[in-house]
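Student: Each chain, letter by letter, is given below.
Protein chains: 2
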Amino acid sequence: MEKPKAVLFDAYGTLFDVYSVGLLAEQLFPGKGEALGVLWRDKQIDYTRLVTTSNHGSHYRPFWELTRAALRYACKRLALDLQSAAEDRLMNQYRHLSAFPENREVLQALKDRHVVTGILSNGDPEMLGVAVRSAGLEGLLDHVISVDSVRKFKTHPDAYALGPQVTGLDIKQIAFVSCNAWDALGATWFGYRTLWVNRYGLPFEELGTQPARTGNSLRDVLEFF
Amino acid sequence: MEKPKAVLFDAYGTLFDVYSVGLLAEQLFPGKGEALGVLWRDKQIDYTRLVTTSNHGSHYRPFWELTRAALRYACKRLALDLQSAAEDRLMNQYRHLSAFPENREVLQALKDRHVVTGILSNGDPEMLGVAVRSAGLEGLLDHVISVDSVRKFKTHPDAYALGPQVTGLDIKQIAFVSCNAWDALGATWFGYRTLWVNRYGLPFEELGTQPARTGNSLRDVLEFF
Chain L
0 MEKPKAVLFD AYGTLFDVYS VGLLAEQLFP GKGEALGVLW RDKQIDYTRL
50 VTTSNHGSHY RPFWELTRAA LRYACKRLAL DLQSAAEDRL MNQYRHLSAF
100 PENREVLQAL KDRHVVTGIL SNGDPEMLGV AVRSAGLEGL LDHVISVDSV
150 RKFKTHPDAY ALGPQVTGLD IKQIAFVSCN AWDALGATWF GYRTLWVNRY
200 GLPFEELGTQ PARTGNSLRD VLEFF
Chain H
0 MEKPKAVLFD AYGTLFDVYS VGLLAEQLFP GKGEALGVLW RDKQIDYTRL
50 VTTSNHGSHY RPFWELTRAA LRYACKRLAL DLQSAAEDRL MNQYRHLSAF
100 PENREVLQAL KDRHVVTGIL SNGDPEMLGV AVRSAGLEGL LDHVISVDSV
150 RKFKTHPDAY ALGPQVTGLD IKQIAFVSCN AWDALGATWF GYRTLWVNRY
200 GLPFEELGTQ PARTGNSLRD VLEFF
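Protein sequences appear in the order of chains L and H.
Numbering of the first sequence is given in numbering that gives the first Met the number 0, commencing with residue 0 and proceeding in unit increments.
Numbering of the second sequence is given in numbering that gives the first Met the number 0, commencing with residue 0 and proceeding in unit increments.
It should be emphasised that the hints constitute simulated quantities derived from the structure, not laboratory data.
A portion of the hints provided could be inaccurate.
What the hints assert, rightly or not - Footprint (simulated), chain H over chain L, 3 or more residues, beta carbon under 8 Å: (1) 22-36; (2) 69-80; (3) 91-97; (4) 148-157; (5) 198-205.
Cβ coordinates follow ideal geometry from the N, Cα and C atoms, glycine included.
Can you build the whole structure from these sequences, using the hints too?
Tutor: Structural data, given as structure tokens:
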């Protein structure tokens with residue numbers, strides 16, 4: 000099989016560690032940091048699906064707003080009193096999530112092979128810009144693609160269609176990398192050659208479709224080449 | 000405001016107790032029954048959204064199949080060895096979920112007021128038929144509407160549109176009742192006059208829209224009249 004000409008990465012959970020908010024959450028709410036981090040993330044994804052499924056874009060709100068809404072929900076659900084100063088601190092932390100340690104090395108290895116690189120993310124352009132700059136990845140990414148332009152979140156086909164549209168490549172020429180099983184599944188359904196990076200030893204989705212590859216680090220993307 | 004001419008109820012979680020599988024789950028997997036019940040339900044909803052968001056119907060599978068897939072996922076996630084006999088028992092239990100105790104009384108009160116009654120559910124027709132018969136609700140429901148005919152799950156607008164289509168009523172003449180906050184939100188967005196029955200003391204979704212009414216029992220639907 001022909002080698003991919005481009006690799007697109009999911010951002011949140013894949014390049015950036017969404018659970019790196021846990022430390023601050025634990026400082027603010029001792030004993031509840033981890034639970035808050037998990038519920039916040041689950042609800043954030045939940046909300047992307049809810050607005051996208053419900054009305055084809057008319058209930059769309061940028062990822063940043065849904066992230067804030069999810070934080071408020073998670074705190075209410077856990078009976079945590081979220082004051083606005085704490086909310087701002089947690090949201091600011093989300094803007095500057097830790098990057099996974101292998102990101103730079105893997106992106107550099109792809110650039111050395113003259114592979115087009117990019118992000119295809121639910122994040123809105125401003126969030127993505129800050130995250131990419133904070134992680135020092137600017138020079139290593141040819142494209143930073145946000146679903147914001149189509150006002151639908153992954154796993155909607157209009158979101159995944161941005162990959163071929165922006166790169167000008169055929170879907171079969173693009174590899175897609177995500178640590179989120181649902182995203183790896185959605186991308187595979189859409190037609191990408193997909194690597195699921197299973198960072199946390201989870202089962203894959205039980206919906207009868209498997210990604211082209213499964214690994215445990217972004218480095219495994221190099222096996223496409 | 001004019002009184003509703005019809006009331007449509009969500010089924011799973013609203014008329015039928017999705018957590019009533021917990022007892023059998025606990026027998027089969029001591030110490031893990033509650034966790035399995037919760038994760039099974041969460042994943043089931045997750046899968047309805049995933050297939051509906053991903054491809055406008057082409058990845059649709061009936062609720063029964065998604066329920067089985069969700070059970071398999073939940074067991075793998077919790078490292079429980081699900082043998083096929085146990086799977087069949089749990090699925091059979093799901094087919095015969097406990098009905099909430101106030102169902103009959105509330106439906107009867109609506110019939111006494113000459114209100115059209117029905118279910119509008121993600122469940123497929125066979126599942127719904129068995130559940131309705133098991134609960135002895137046949138004579139009290141004018142319509143049992145499954146999203147299966149449109150191959151999209153709530154909160155997709157095509158699913159909610161079945162209410163006016165099947166009853167022949169205007170959306171403003173129909174009250175919708177759900178114990179699931181996401182469903183109450185989706186129905187409100189679609190245009191129904193919605194009662195959210197908050198059985199478990201949870202926060203509502205933080206997406207800026209509130210249902211017309213919030214209560215803690217199906218009986219609260221009578222306040223529309």
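Student: Tell me, in ascending order, the numbers of any earlier hints that this structure violates.
Tutor: 1, 3
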